[in-house]
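Heads up: the protein sequence lines correspond to chains Y and L, in order. Heads up: the first sequence is residues 1 to 362, going by this note's numbering. Heads up: the second sequence is residues 1 to 558, going by this note's numbering.
FYI, nobody ran anything at the bench for these hints, they're computed from the structure. Just so you know, even glycine gets a beta-carbon here, dropped at the ideal spot from N, CA and C. Treat the hints with care, since some could be wrong.
[Claimed, not checked] Pulled from the structure, derived: some chain L residues nowhere near chain Y, Cβ distances all over 10 Å:
hint : residue
1    : Cys22
2    : Lys193
3    : Val269
4    : Leu457
5    : Ser460
6    : Ser461
[Said to hold, decoys possible] Keeping only pairs whose Cα atoms sit at most 30 Å apart, straight-line, the calculated DSS-like set for lysine-lysine is:
hint : chain 1 : residue 1 : chain 2 : residue 2
7    : L       : Lys386    : Y       : Lys142
8    : L       : Lys470    : Y       : Lys17
9    : Y       : Lys125    : L       : Lys470
10   : Y       : Lys217    : Y       : Lys362
11   : Y       : Lys75     : L       : Lys470
12   : L       : Lys193    : Y       : Lys20
13   : Y       : Lys137    : Y       : Lys274
14   : L       : Lys553    : Y       : Lys137
15   : L       : Lys553    : Y       : Lys116
16   : Y       : Lys353    : Y       : Lys229
17   : Y       : Lys269    : Y       : Lys310
18   : L       : Lys299    : Y       : Lys133
19   : L       : Lys6      : Y       : Lys20
20   : Y       : Lys17     : L       : Lys390
21   : Y       : Lys17     : L       : Lys6
22   : Y       : Lys269    : Y       : Lys6
23   : Y       : Lys183    : Y       : Lys116
24   : L       : Lys299    : L       : Lys193
25   : L       : Lys6      : Y       : Lys113
26   : Y       : Lys83     : L       : Lys6
27   : Y       : Lys137    : Y       : Lys113
28   : Y       : Lys142    : L       : Lys470
29   : Y       : Lys137    : L       : Lys193
30   : Y       : Lys83     : Y       : Lys113
31   : Y       : Lys125    : Y       : Lys75
32   : Y       : Lys113    : L       : Lys97
33   : Y       : Lys142    : L       : Lys553
34   : Y       : Lys113    : Y       : Lys217
35   : Y       : Lys116    : L       : Lys470
36   : L       : Lys6      : Y       : Lys75
37   : L       : Lys386    : Y       : Lys83
38   : Y       : Lys113    : Y       : Lys125
39   : Y       : Lys20     : L       : Lys386
40   : Y       : Lys186    : Y       : Lys133
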Amino acid sequence: MEIQVKGLRKHFTSEGKIIKALDDVNLTIPANTIFTLLGPSGCGKTTLLRCIVGLETPDAGEISIGNEVVWSSAKNIYIPTEKRKLGMVFQTYAIWPHMNVFDNVAYPLQSQKVPKDEIRERVAKTLSFVQLKGFEKRPATKLSGGQQQRVALARALVAEPKVILFDEPLSNLDAKLREETRKELKSFLSKLQITAVYVTHDRVEALALSDTIAVMKEGQIIETGDPKKIYFNAESRFVADFIGRANLVSAVVIEQTESNTIVQSSLGKLKCKKADFPNGEEVTLCLRPEFIHPRKGTAEGTAANIIPGKIETLVFVGDAYETEIRCADMLLLARLEPEMDLESGDQVFFEVKPNQCLIVAK
Amino acid sequence: MAQRHKRLTYSLIVLVGFLTVCPVLMLILGSLSEGLTAFGTFTVKKYIAAYTDPDLFLVLFQTVVFVTGAASLATVLALFLAYISTRTDMPFRFLFKIIPVIPMMIPHILFSISWVMLLNPSNGILNLLIRQLFSLDHSIFNIYTLPGMIMVEGLLDLPIAYLIIAPAMSSFDVALEESSHVCGSDSFRTLFKITLPVLRPAILAAFILCMIRCLASFAVPSAIGMPGRIYVLATHLYRMVSTGFAADYGKAAAVGVSVLVSSIILIYVYRYFTSSSEKFVTISGRGYKPTVIKLKKAKIPIFIILLTLSFVLIILPVLVLIYISLVPYSMVPSAKAFASMSLKNWITVLKDPISLLSLKNSLFLGVFGATLGIALSTFVAYVIVKVRTKSAGILETLSFLSFSFPGIVIGVGFMWFFVRTPLYATIWALLIGYIATYLPYGIRPLTSAFIQIHSHLEESSLVSGASYLKTFRRIVIPLLTPGIVSGWILMATMFFRELTLSVILSRPGSEVLAVQILRFSEDGQWGKLSALGIIMIVVSTMLVSLVNFIGSKLRPME
C-alpha cells in the first residue's frame with residue numbers, strides 16, 4: 001500500500017526552545033518497496049515513523065495509508081494505532097518478557113480474534129519463515145539478541161500487514177550479527193508483497209537494504225532517490241557528505257560543455273559530471289576516496305583532470321590503506337589497495353574521471 | 001490521552017497533597033492554638049510552655065545520645081557484616097547475608113520487649129540466671145538505661161543500614177583495590193585507605209537514615225526507656241498527650257514541629273549523600289569478580305562472633321517469647337519451670353475481647369489498608385514514571401515528603417484534624433493515617449517496576465491491534481505484578497505491626513495489636529504479651545507467604 005504524507009508538522013518544546021522535529025514534510029512512499037528514512041540522530045526520522053504508526057500525534061498535516069486517511073488535522077480524523085493494521089519492529093524489539101515466543105507472535109492474531117487453530121498454523125508458518133521453527137515454547141527472556149530481533153519481525157509479519165515499519169532494528173546488534181541480519185532481512189522482505197518503511201542513521205544499512213532512500217535533516221526531507229542516485233548523484237552537499245566519505249572542495253563553474261561542467265578549484269581546472277549551474281556559480285566538488293588511485297611519480301604532459309600531490313600520512317586498516325594526500329592547499333582522503341608500494345612522503349599523481357567528479361550546491 | 005493524564009495527575013496531587021500536607025498543617029496550626037477544643041484562637045503560649053520546660057534539656061540530650069549511639073552501632077555492625085559476607089572467605093557466607101535483615105521480620109515492639117524480659121533488673125531471665133550461677137544478690141545488667149536502649153535500637157536498625165551498605169560494597173570496582181595492592185599496600189591498609197573512603201557516601205547515607213529512624217522510633221523508647229524514666233523526644237511527646245490529667249496536644253504539637261523539622265533536614269542530608277554516591281561508588285559493567293580476602297587465623301573467632309550475634313538477633317527473642325508465654329511468671333529455665341508450663345496465658349489471651357478486637361483490627365488494616373495503599377501507589381508511580389510533566393514532579397515531591405515523618409508527630413497532627421471529623425476514634429482514622437505515613441514504601445517498588453516496563457512494550461501491543469484496555473491487562477499488569485506483590489507485602493506488614501501512629505490515634509474500639517502489646521508491657525503482663533506476640537508473628541508470616549504464593553501463580557514468567 002502506498003503511504004502519503006502531506007504538510008506534516010510536529011514541534012516539541014524542550015527547555016524553552018522549540019525543536020522542529022517535522023517541518024512541513026511531504027512524502028510519497030510507493031507500494032511494495034523498501035523505503036528508508038536516513039539521517040543523523042535528531043533529524044525527525046523516528047518522529048515521522050511514529051506519526052505514521054499513530055504513536056505520536058502531529059501538529060498539522062495529513063497522513064494516508066492506501067486509500068484511507070489515518071490522520072488529518074483539517075478533516076479532524078484520527079485512527080488510533082491499534083486500528084491501523086500495521087506491523088512494526090522496535091529498536092528495543094519490545095519482546096514481552098512474561099510471554100513465550102508463541103504468545104508473543106500470536107498476540108496480533110489474538111487481538112483480531114482469529115480462531116485458535118488458525119493462530120497456531122499461522123504462527124508456525126511465520127516462525128519458520130524467520131527461521132525460528134520449533135522455538136514456540138522458548139521463554140522470551142531466553143533468546144539471544146538476533147533471535148529476539150527475528151521474533152519481533154515474526155510478530156510484525158504474522159497478521160500479514162500491508163505495511164511494516166522498522167525503527168533502527170539493527171542498532172542493538174553487534175557489528176558482525178548486524179551484517180548477517182541485514183542480509184537476511186533484505187531476503188525476507190524481497191519475498192513478500194509489502195511496503196516497508198525503515199528508519200536508520202547507518203548509511204551502509206540504508207544503501208544495502210533500500211529501494212528508495214529519503215535523507216532527512218532538521219525535520220525536513222532533503223533528497224529522495226534510489227541508493228545509487230543518492231550515493232553518486234546527490235544534489236546537496238549535506239547528502240553527499242552524509243551518505244559516504246567524501247573530499248569536499250570549493251570550486252567555481254567556468255564553463256558548460258555538451259556533456260560536462262568545467263570548474264576551477266584549488267586542484268586546478270577539472271572536467272566534471274554535468275550539473276545544472278550557471279557560469280560563475282560557487283559550488284562544492286565531491287570526490288569519493290575510493291575513486292582516487294594515486295601512482296608514484298609526476299604526471300607527464302598536461303592532460304585534463306590529472307592532479308599531483310604528496311603522500312602525507314598512510315594508515316593500515318586491514319582491508320586497505322587509508323592515506324591523506326597533500327594536493328595544493330588541500331588534504332584529500334583516499335583508500336589504497338593493501339598491496340601497494342607507496343610510502344609517506346612520496347610524490348604521486350592521480351586522474352579523476354569526469355563522471356566521478358560530482359558537483360553539488362555550495 | 002494528554003487530557004486524561006492531566007486529570008489523573010491533578011486528582012492525585014489533591015489526594016496525596018491532602019494526605020501529606022494536612023497533618024503537617026494541622027500540627028502547625030495546632031501548636032499555635034489554645035487546645036483541641038479551642039482551635040483557631042491563635043497564641044504562642046504552647047511554644048513558650050514547651051520550650052521553657054525544665055525537662056526539655058535532659059530530653060534533648062538523651063535524644064541526641066540515643067539517636068547517634070544507635071545509628072553508629074547499626075552502621076558499624078552493618079559495615080562489618082557486609083564486608084564479611086561480600087569480601088571474605090568466611091564459611092557459610094550466604095547465611096550472613098540473611099541474618100542482618102532478620103530483625104525486619106520481628107515487630108520492633110516485640111523485639112524490644114523480649115530484651116526487657118531477658119535483661120530487666122528485677123526478673124530478667126539472663127539476670128536471674130547469672131545471679132543463680134554466681135550466687136549474687138543483685139542483677140548485673142539493667143536494660144532500662146541509655147546503653148540498653150542504644151543496643152536494642154541499633155540491632156533494630158541494622159537491616160536498613162545493611163541494605164544500603166552491602167549493595168554498594170559488592171558493586172564497586174575491584175580495580176580500585178587491586179591498584180592499591182599493586183602500589184604496595186596490604187589488605188588492611190587498602191581497606192582503610194581505599195575501600196572505606198570510596199564507600200563513604202553509602203556509609204554516611206546509612207548512618208543518616210538510621211538517625212531518622214531512631215528519631216521516629218517509639219518501640220524502644222516506650223518499652224525500655226519509659227520504665228527506666230529515660231525520656232527521648234518521642235516519649236516526651238507521648239507523655240504530654242497520654243498521661244496526666246489533661247492531655248496537652250498544643251504543647252505536644254509545639255515540640256513536634258521541631259522534631260519534624262529536624263527529620264526533614266536529615267532527609268535532605270540523606271538525599272544529598274545518595275545523589276552524590278554515584279560519583280564515588282564506581283560500578284563497572286565488566287563481570288564482577290571479587291577478590292576474596294583470606295581471613296586465615298581470624299576465621300574461627302569471627303565465625304563464633306557472627307554465630308553468637310545471629311543467635312542473639314533471631315533465635316533468642318523468639319525463644320524468650322515462646323518460653324514466657326508458657327510459664328506462669330518469669331523464672332529461670334529449670335525442671336520446676338518446665339513442670340509448671342501450661343497454655344493458661346494463651347487461653348486468657350484468646351478469651352480477652354480487647355486482644356481479639358486488636359487482632360481483627362490489625363488484620364483489617366493490614367489487608368484492606370495495604371490494598372488501598374497499593375492501588376493509590378500504582379497510580380502515583382504511573383504518573384511519576386510515565387507522565388513526567390511538571391505537575392508529575394510536584395506529585396513526586398509530595399509523595400516522598402512523608403518519608404521523613406516521625407509517626408508520633410504526624411499522629412499528633414492528624415489528631416488535630418480527626419477530632420474535628422466523625423472519623424475520630426474510628427478505625428478509618430488509623431487507615432488514613434497509615435496510608436499517609438507509609439505511602440513512599442508502596443510507591444518505591446512500583447516506580448522501579450514501572451521503570452522496567454519500556455514504553456516500546458506497550459506501544460508494540462497497540463501496533464499489534466490491541467486496545468489500551470487490553471494492553472493494560474495483558475502487558476502492563478503482568479509485568480507490574482512483582483512490584484505490586486512486594487509493595488503490598490511491605491505495606492501490609494508495616495500496617496499490621498504499626499505502633500507509633502497508633503498509640504496516638506487508637507482509642508477504645510479501635511485498638512491494634514502493637515498498642516495492645518504495649519499496654520500489656522506497661523502492666524507487666526509478660527505471659528499474655530508473649531502469647532499475643534507469637535500470634536502476631538505467625539499471622540503476619542502466613543499472610544506474607546500466602547501473598548507470595550498468589551503472586552507467583554499470577555506470574556507466568558519462568
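Now for the hints, and whether the structure bears them out:
Under the 10 Å C-beta cut-off, the non-interface status given to L:Cys22 relative to chain Y holds; the minimum distance is some 35 Å. Once the 10 Å rule is applied to beta carbons, L:Lys193 is consistent with being away from chain Y; the minimum gap is 40 Å. Look at L:Val269: its CB is around 29 Å from the nearest CB on chain Y, clear of 10 Å, so calling it non-interface holds up. Taking the minimum C-beta to C-beta distance to chain Y, about 5 Å, the non-interface status of L:Leu457 is violated against the 10 Å cut.
Interface exclusion of L:Ser460 from chain Y breaks down, the closest Cβ pair being 4 Å apart, not more than 10 Å. Its closest Cβ contact with chain Y, about 7 Å, brings L:Ser461 to no more than 10 Å, contrary to its assignment away from the interface. For the suggested pair L:Lys386 and Y:Lys142, the alpha carbons sit about 27 Å apart, so the restraint of at most 30 Å is met. The hinted pair formed by L:Lys470 and Y:Lys17 fails the criterion: a straight-line CA distance of about 37 Å is larger than 30 Å.
Among the hinted pairs, Y:Lys125 with L:Lys470 is consistent with the structure: their alpha-carbon atoms are about 26 Å apart, no more than 30 Å. In summary, the hint linking Y:Lys217 to Y:Lys362 is supported, as the alpha carbons are separated by about 16 Å, within the 30 Å threshold. Straight-line distance between C-alpha atoms of Y:Lys75 and L:Lys470 comes to about 29 Å, which keeps the hinted pair within the 30 Å bound. For the hint linking L:Lys193 to Y:Lys20, the alpha-carbon distance of about 52 Å lies beyond 30 Å, and the restraint is violated.
About 60 Å separates the Cα atoms of Y:Lys137 and Y:Lys274, which puts this hinted pair outside 30 Å; it is violated. Between the alpha carbons of L:Lys553 and Y:Lys137 the distance comes to roughly 19 Å, so the proposed pair stays at or under 30 Å and holds. The suggested pairing of L:Lys553 with Y:Lys116 holds, with an alpha-carbon distance near 24 Å, which does not exceed 30 Å. Between Y:Lys353 and Y:Lys229, the direct Cα distance comes to roughly 18 Å. Compliance with the 30 Å bound is thereby established for this hinted pair.
Distance check on the hinted pair: Y:Lys269 and Y:Lys310 sit about 19 Å apart at the alpha-carbon level, within 30 Å; holds. This hinted pair does not check out: L:Lys299 and Y:Lys133 have alpha carbons roughly 55 Å apart, beyond 30 Å. For a cut-off of 30 Å, the pair hint linking L:Lys6 to Y:Lys20 stands: about 24 Å separates their Cα positions. At roughly 16 Å between alpha-carbon atoms, Y:Lys17 and L:Lys390 fall within 30 Å of each other, so this suggested pair holds.
In summary, the hint linking Y:Lys17 to L:Lys6 is supported, as the alpha carbons are separated by about 23 Å, within the 30 Å threshold. Of the supplied pair hints, the one linking Y:Lys269 and Y:Lys6 is violated, its CA atoms being roughly 44 Å apart against a limit of 30 Å. A C-alpha spacing of about 33 Å is found between Y:Lys183 and Y:Lys116, which places the hinted pair above 30 Å, so the restraint is violated. Restraint check for L:Lys299 and L:Lys193: satisfied, since their Cα atoms lie roughly 23 Å apart, inside the 30 Å limit.
The hinted pair formed by L:Lys6 and Y:Lys113 fails the criterion: a straight-line CA distance of about 33 Å is larger than 30 Å. Between Y:Lys83 and L:Lys6, the direct Cα distance comes to roughly 25 Å. Compliance with the 30 Å bound is thereby established for this hinted pair. Proximity of Y:Lys137 to Y:Lys113 is assessed by CA-CA distance (about 21 Å); at most 30 Å being required, the pair is judged to hold. Proximity of Y:Lys142 to L:Lys470 is assessed by CA-CA distance (about 25 Å); at most 30 Å being required, the pair is judged to hold.
Taking the CA atoms of Y:Lys137 and L:Lys193, the gap is near 53 Å; set against the 30 Å cutoff, the hint is violated. With a CA separation close to 14 Å, the supplied pair Y:Lys83 and Y:Lys113 stays within the 30 Å bound. For the suggested pair Y:Lys125 and Y:Lys75, the alpha carbons sit about 40 Å apart, so the restraint of at most 30 Å is broken. At roughly 50 Å between alpha-carbon atoms, Y:Lys113 and L:Lys97 are farther apart than 30 Å, so this suggested pair is violated.
Between Y:Lys142 and L:Lys553 the alpha-carbon distance is near 20 Å, which keeps this suggested pair within the 30 Å criterion. Simply put, Y:Lys113 and Y:Lys217 have alpha-carbon atoms about 42 Å apart, too far for the 30 Å limit, and the pair is violated. At roughly 18 Å between alpha-carbon atoms, Y:Lys116 and L:Lys470 fall within 30 Å of each other, so this suggested pair holds. For a cut-off of 30 Å, the pair hint linking L:Lys6 to Y:Lys75 stands: about 26 Å separates their Cα positions.
With a C-alpha separation of about 23 Å, the suggested pairing of L:Lys386 with Y:Lys83 holds against the 30 Å cut-off. Between the alpha carbons of Y:Lys113 and Y:Lys125 the distance comes to roughly 18 Å, so the proposed pair stays at or under 30 Å and holds. For the hint pairing Y:Lys20 with L:Lys386, the CA-to-CA distance comes to about 23 Å; that is within 30 Å, so the pair holds. Under the criterion of a C-alpha separation no larger than 30 Å, the hint pairing Y:Lys186 with Y:Lys133 is consistent with the structure, at around 20 Å.
Of the numbered hints stated above, those contradicted by the structure are hints 4, 5, 6, 8, 12, 13, 18, 22, 23, 25, 29, 31, 32 and 34, listed in ascending order.
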